[in-house]
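Could you put together the complete structure from these sequences and hints?
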Amino acid sequence: MRNERNRYNLGVDRGRNCSNKYCSVHTMNDKAKEYWKKHLTLLAILLTIWFIVSFGFGILFVDQLNAFRLGGFKLGFWFAQQGSQYVFVILIFVYVYKMNKLDKEFEFDEE
Amino acid sequence: MSIQVWTFIIVGITFALYIGIAVWARVGSTSDFYVAGGRVHPLANGLATAADWMSAASFISMAGLIAFLGYDGSVYLMGWTGGYVLLALLLAPYLRKFGKFTVPDFVGDRYYSSTARVVAILCAVFISFTYVAGQMRGVGIVFSRFLDVGINQGVIIGMIIVFFYAVLGGMKGITYTQVAQYCVLIFAYLVPVIFVSILMTGNPIPQIGFGGTLADEPSVYLLDRLDGLMTDLGFTPYTDGTKLPIDVFFITAALMVGTAGLPHVIIRFFTVPKVKDARISAGYALIFIVLLYSTAPAVAAFVKTNLINDIDKVEYSEAPQWFHNWEATGLLQYEDSNDDGLIQYHSDPSINELSIDPDIMVLASPEIADLPNWVVGLVAAGGLAAALSTAAGLLLVLATAIAHDLLKRTFIPTMREKTELIAARVTVFFTVLIAGYFGVNPPGFVAQTVAFAFGLAASSFFPVILMGIFFKRMNKEGAIAGMAAGITFTAAYIIYFTFINPELNSAENWLFGISPEGIGTLGMILNFIVALTVMKFTKEPPQDIQDMVEDIRIPRRLMASDKEENPKED
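These protein sequence lines map, in sequence, to chains W and B. First residue of the first sequence: 1, per our numbering; consecutive thereafter. First residue of the second sequence: 1001, per our numbering; consecutive thereafter.
Which residues of chain B face chain W? A few of them, derived with a C-beta cut under 8 Å, are:
1) S1074
2) T1081
3) A1088
4) Y1221
5) L1223
6) D1224
7) T1239
8) V1248
9) T1252
10) R1279
11) I1280
12) G1283
13) R1553
Calculated pairs, DSSO-like style, for lysine-lysine (alpha carbon to alpha carbon, straight line, at most 27 Å):
14) K104/W - K1097/B
15) K101/W - K1472/B
16) K33/W - K1097/B
17) K1472/B - K1536/B
18) K1097/B - K101/W
19) K1276/B - K33/W
20) K1276/B - K104/W
21) K1097/B - K37/W
22) K1274/B - K31/W
23) K37/W - K1472/B
24) K38/W - K1472/B
25) K1274/B - K98/W
26) K33/W - K1472/B
27) K1097/B - K38/W
28) K1276/B - K101/W
29) K33/W - K1274/B
30) K31/W - K1276/B
31) K37/W - K1274/B
32) K104/W - K1472/B
33) K31/W - K101/W
34) K1097/B - K1472/B
35) K98/W - K1472/B
36) K33/W - K1539/B
37) K38/W - K101/W
38) K104/W - K38/W
39) K33/W - K101/W
40) K1536/B - K33/W
No lab work stands behind these hints, which were simulated from the structure alone. Ideal Cβ placement from N, Cα and C applies to all residues, glycine included.
Now the structure itself:
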């Protein structure tokens, strides 16, 4: 077990100088698994927000939200026809920012 | 100057621009022809994706549809933008890492199966043809109203332009003309609506204006006024819906997932240099799309209010000029059934005397708001840009599906690059001819088959690509069974309600109250269930496939051998 961990830590250092298939396969696998797990967590968070603003606010709870107003808009109607679109754009840019950081952290970014 | 002269000038300039770009962007290799050499800047790709995606339907029909559907029209707004979140997060970056040229390429390689590849080719061809037919009809409508040349000549002029830049420049020519077309179409869309927004609400930003108060009655909100007008005429208030919530849910989901699975959209992300670029260019694309899609509901509310104010209970002889212009095209019809000389618009068909094709709402909006003639000409050029850019993208998918996926990858793997390029150009030639034929003789079922295109993309491509990336264990048996189940179910449901028993096509007969437009979502769920079940009982995919899946999940190239496998990287 300790041995594994050592190899992993070493691997991070070695990763800088090695970008071909001769790298330790184990090292790459552990690193890739960790990366993928963090990636999936990020996806889960962003897609939950995606679901809430469109299917939640715009469809399932539209009548409840329509009791509130945003200027001349009923709030549920606004989410369905305007708000959800703006949130979609923000979500993609947050994803791009987070992923570029994650890629760098794991040294998986493209040279 | 008259509307027609302005239209000739503006359309003429834009067409000259497209041809100029085509000559500049000539190509000599298959990689250039299919994916513009993989060297398109992400911002340019974002612009091109937006033009590629926004078709004649988005430009000409969508705001009109929303004007008639009110809140229910939200399915198009959320569905056709929300899909880009799925595309950016779940598909585009990994497909870019995979490399290669097409969606069937991915399906065939990932599932190590020619059968899967052929099924994917058939879906791509079917989806794209359905779409192209609609685009050519759009070109015809614009030409017949604004240029007075007859629908047929209009379609032929459009065919020659598309043919020119698609055959010469392939993806490269298409990409850069799409960039120009986006600029033309967004300018043409925004200029009239900004005018109208200022006139009606005093606010130059339509997205804010349509939630504001009326310019001539500062105490009344525009949407409240519109709700009131609609109620007076016997309709549901504009901001309320009439569709069942479950149906709105399923249609939105089918459109979102279908958008993410459309091959002509996916293929655009093969044209950028890096994985990073694929992610950001999906973001750019959505900004450019939302610019139009957040404006469309404002257009809808403005035009609807104007329309009711202008013509309801107005003497026919005093109806505005635009009313008669559009009557001449047959897209607007008035029949004075009670002989009182007044135009009556009402939800009750026995009182209503007016029938309006939603397609005219955007095209007529500058005339309805009494804007200068050059604005009308600009809108015509914008409609043509939207139709032509989408048609070109679709023709390229058809050409790659046939020349690359079918001929080269399935039947004649030894085909040389020069021959393949000729085959691709010949295929574009023939697909342009077929698309033109559909434009001249539009099949009556175009409108219904759009539901088909999204339903098929949602129930076939999306799940199969998603599982290919996120379930390493997914094997060819599972994928093929899933695709077959999803497509069969979705197609059968749509065919049953639109072709076999159209008279049964109403909420009480639908499965769980889901209309044929939304059934693709259920087809997708079925696809997942069948694929996962079959996978459990069959053997896992070979090691090299599992390694490939690991590899596409990571942006950096880890295998030295990647370079040789990837022809377009050199």
